[in-house]
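Novice: If you want the building blocks of each chain, they are given just below.
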Amino acid sequence: MKYIDEYRDADLIKKQVQKIHEITTKKWAVMEVCGGQTHTIVKTGIDQLLPEEITLIHGPGCPVCVTPLEMIDKALEIASRPDVIFTSFGDMLRVPGSHKDLFSVKADGGNVRIVYSPLDAVKLAQKHPDKKVVFFAVGFETTAPANAMAFWQAKQLGLKNFSILVSHVLVPPAMEAVLDSPFNSVQGFVAAGHVCAVMGYEEYEPMAKKYKVPMVVTGFEPLDLLQGIYMLIKQLEEGRYEVENQYTRAVKREGNIPAKETIYKVFEIGDRAWRGIGVVPNSGYRLKEEFSAYDAEKVFSDIANIQSIESELCISGLVLQGVKKPHECPAFGKECTPMTPLGATMVSSEGACAAYYNYGRYRTSVG
Amino acid sequence: MKNNKILLGHGSGGKLSAELINTMFLPAFTNEFLSPLGDQAIVNINGTRIAFTTDSYVVNPIFFPGGSIGDVAVNGTVNDLAVGGAQPLYISAGVILEEGMPMEELERVVSDMKNACERAGVQLVTGDTKVVEKGKGDKIFINTSGIGVIEEGIEINPHSVRPGDRIIVNGPIGEHGIAIMSVREGLEFETAIESDTAPLNHLVQDMLNVSKNIRWMRDPTRGGLSSSLNELAQSSKKGITLHESDIPVPESVKAACEILGLDPLYVANEGKLLAVVPAQEAEQIVDVMRKNPQGKDARIIGEVVDDHHGYVLLKTSIGGNRVVDMLAGEQLPRIC
Numbered sequence: 055m056k057y058i059d060e061y062r063d064a065d066l067i068k069k070q071v072q073k074i075h076e077i078t079t080k081k082w083a084v085m086e087v088c089g090g091q092t093h094t095i096v097k098t099g100i101d102q103l104l105p106e107e108i109t110l111i112h113g114p115g116c117p118v119c120v121t122p123l124e125m126i127d128k129a130l131e132i133a134s135r136p137d138v139i140f141t142s143f144g145d146m147l148r149v150p151g152s153h154k155d156l157f158s159v160k161a162d163g164g165n166v167r168i169v170y171s172p173l174d175a176v177k178l179a180q181k182h183p184d185k186k187v188v189f190f191a192v193g194f195e196t197t198a199p200a201n202a203m204a205f206w207q208a209k210q211l212g213l214k215n216f217s218i219l220v221s222h223v224l225v226p227p228a229m230e231a232v233l234d235s236p237f238n239s240v241q242g243f244v245a246a247g248h249v250c251a252v253m254g255y256e257e258y259e260p261m262a263k264k265y266k267v268p269m270v271v272t273g274f275e276p277l278d279l280l281q282g283i284y285m286l287i288k289q290l291e292e293g294r295y296e297v298e299n300q301y302t303r304a305v306k307r308e309g310n311i312p313a314k315e316t317i318y319k320v321f322e323i324g325d326r327a328w329r330g331i332g333v334v335p336n337s338g339y340r341l342k343e344e345f346s347a348y349d350a351e352k353v354f355s356d357i358a359n360i361q362s363i364e365s366e367l368c369i370s371g372l373v374l375q376g377v378k379k380p381h382e383c384p385a386f387g388k389e390c391t392p393m394t395p396l397g398a399t400m401v402s403s404e405g406a407c408a409a410y411y412n413y414g415r416y417r418t419s420v421g
Numbered sequence: 299m300k301n302n303k304i305l306l307g308h309g310s311g312g313k314l315s316a317e318l319i320n321t322m323f324l325p326a327f328t329n330e331f332l333s334p335l336g337d338q339a340i341v342n343i344n345g346t347r348i349a350f351t352t353d354s355y356v357v358n359p360i361f362f363p364g365g366s367i368g369d370v371a372v373n374g375t376v377n378d379l380a381v382g383g384a385q386p387l388y389i390s391a392g393v394i395l396e397e398g399m400p401m402e403e404l405e406r407v408v409s410d411m412k413n414a415c416e417r418a419g420v421q422l423v424t425g426d427t428k429v430v431e432k433g434k435g436d437k438i439f440i441n442t443s444g445i446g447v448i449e450e451g452i453e454i455n456p457h458s459v460r461p462g463d464r465i466i467v468n469g470p471i472g473e474h475g476i477a478i479m480s481v482r483e484g485l486e487f488e489t490a491i492e493s494d495t496a497p498l499n500h501l502v503q504d505m506l507n508v509s510k511n512i513r514w515m516r517d518p519t520r521g522g523l524s525s526s527l528n529e530l531a532q533s534s535k536k537g538i539t540l541h542e543s544d545i546p547v548p549e550s551v552k553a554a555c556e557i558l559g560l561d562p563l564y565v566a567n568e569g570k571l572l573a574v575v576p577a578q579e580a581e582q583i584v585d586v587m588r589k590n591p592q593g594k595d596a597r598i599i600g601e602v603v604d605d606h607h608g609y610v611l612l613k614t615s616i617g618g619n620r621v622v623d624m625l626a627g628e629q630l631p632r633i634c
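Chain order of the listed sequences is Z and V.
Sequential numbering of the first sequence, starting at 55, is according to this note's numbering.
Sequential numbering of the second sequence, starting at 299, is according to this note's numbering.
Be aware that a few hints might be false.
[Stated by the list, open to error] Quick list of in silico lysine-lysine cross-link-like pairs, DSSO-like style, CA-CA up to 27 Å:
(1) V:Lys613 with Z:Lys56
(2) V:Lys613 with Z:Lys388
(3) Z:Lys185 with V:Lys432
(4) Z:Lys379 with V:Lys613
[What the hints assert, rightly or not] Among the chain Z residues that face chain V by a calculated CB cut under 10 Å, a handful are:
(5) Asp59
(6) Asp63
(7) Lys97
(8) Leu103
(9) Phe157
(10) Leu233
It should be emphasised that the hints constitute simulated quantities derived from the structure, not laboratory data.
Ideal placement from N, C-alpha and C gives every residue a C-beta, glycine not left out.
With the rest of the complex left out, here is chain Z (with noise of 0.2 Å):
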């Protein structure tokens, strides 16, 4: 496939892999950022190609996994309703909330449909006037400039019966609460390619100069990871703390302007609580006061005391903030399994737990 095939060059890997072995000299911990990266990573078996000095510590980049159990409460209560319609992105429908997921809620004659595009969504709200059509927004920077889309054109066809739930991260200051915990190993950042593809990554400079940690904003192929990775361990190893871009076939320093002035004329910036992490300031977008007649938590005002119960067993906030490797929960592989999944890390093929679930597991069960 070309513009994939040349990404995933075994030749240009080993070379790649080479440099890095070539570099490194001391021990170093960083994180990628983006649940995408944990994917591939694992997937290909990067990790286990890179020096034994280097260990990768999976970032919080996984829209699924972070998503607040009340919001999935919700979610599972309004697509309950028989006067709605409820559209979400595919691996939302298996996360569970405090005692179901939206796969039950289906099967249970709710109307769930999983569609590829916000703008699905409209075009069912315009075909269905009888029902309720509601849209999970769920992602981070990535997904958002969409979303506002959906909801933009609802507007404007003047659709009364289009409603979102939004549950919108941001990457930023989610980096910064890493960043600050006092369990904080992370030396450096392989920064979000596909945020910063929307966002571009002037925001990450004052980070990297205020914690003196070394990002480069690095793509989602085996061969941008490794390159990326390079490019972290070079700085690290000169003691320099820059913002550098391995991705620049799609990332500008500013980002992508219409698609941020999309986002910027919908949504506003709030705090936000994080699955296992908790509230973060000014972590997260909501849709702006002006917008609430289309604001599912307000068209379904009624739902919100909700009593959400986490599961005691699940260490996934420690996961998500690196502190905790998957398999060093007792719960994994055991209680807890892609088919009876405690924390929403085990859900998504993004997370970190489905993901050494799938691809690792055989590895993590020998060392």
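Got chain Z sorted already, so can you dock chain V onto it with the hints?
Specialist: Just chain V now, kept in the frame of chain Z:
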């Protein structure tokens, strides 16, 4: 989370399906023919070994690039017999129709079934039709059963598998699943991919003509390559190693999977077979397969090993390795 209702995932061919069979059906009916949970049961009647199988077909939409529910209903059952080493002979069809289905569509389905029977060389010898109220079916559901005869000396089962044996696939994977997805409501995308639905009995016959030592065969339908090979790893208690760069995945399937966030190893096929054969006969079997149109792209994709028992391990093209697990339920598209 314990399921107290049937979920769609129970029909995905993954872990939920296995759980349902093992906890619900197997305890009720367990016997020596059912317990191996093969694609077909092998029973002995008056000294003749008969393979017997049944399968129900619920495909949405019923027409798709490269075929229809009529094709897969015949080919699927023919293939379940063929991979048991049997020569398929007779099939039955039970058809459940939904009130309001256009007669013209039924005619097309029946015509596809007729052509598929002729191509496979089987006869449809008994059948049944029922009609359900509008909204209680999805146009048409078809169940087919089939029987075939197994020649003396052929012993296809997971316990025959030995370390060192080679794993063969007869061609590129993932076409059927992607062809169906490309026409599914809400997800229409343009692709040149057609379903690979085809009868495999003639190919299997060619293979058996050069070797009676084929250890195991499966047609990797729902759940794809990974589900079939995981079942083999578990039932044989051996390890399986696959070589990513040897697994034939068409460019267009790769591209669709990239966009949709799916893994081709889990995508359904309707005209593929996996065979485990002794190493010294592998090349010869591949050669004969390549002379048959259904096997022209046949190749060796891995081997059975006396290591990582019960697991399927993939050597990635960049030199790492990973476990290829069975899916829990349906493959879910990712957010970003």
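Novice: Confirm or reject each hint.
Specialist: So, going through the hints one by one against the coordinates:
no.: 1; hint: V:Lys613 with Z:Lys56; result: 22 Å, holds
no.: 2; hint: V:Lys613 with Z:Lys388; result: 26 Å, holds
no.: 3; hint: Z:Lys185 with V:Lys432; result: 22 Å, holds
no.: 4; hint: Z:Lys379 with V:Lys613; result: 23 Å, holds
no.: 5; hint: Asp59; result: 9 Å, holds
no.: 6; hint: Asp63; result: 8 Å, holds
no.: 7; hint: Lys97; result: 6 Å, holds
no.: 8; hint: Leu103; result: 6 Å, holds
no.: 9; hint: Phe157; result: 5 Å, holds
no.: 10; hint: Leu233; result: 24 Å, violated
Going down the numbered hints, you'll see the structure goes against just number 10.
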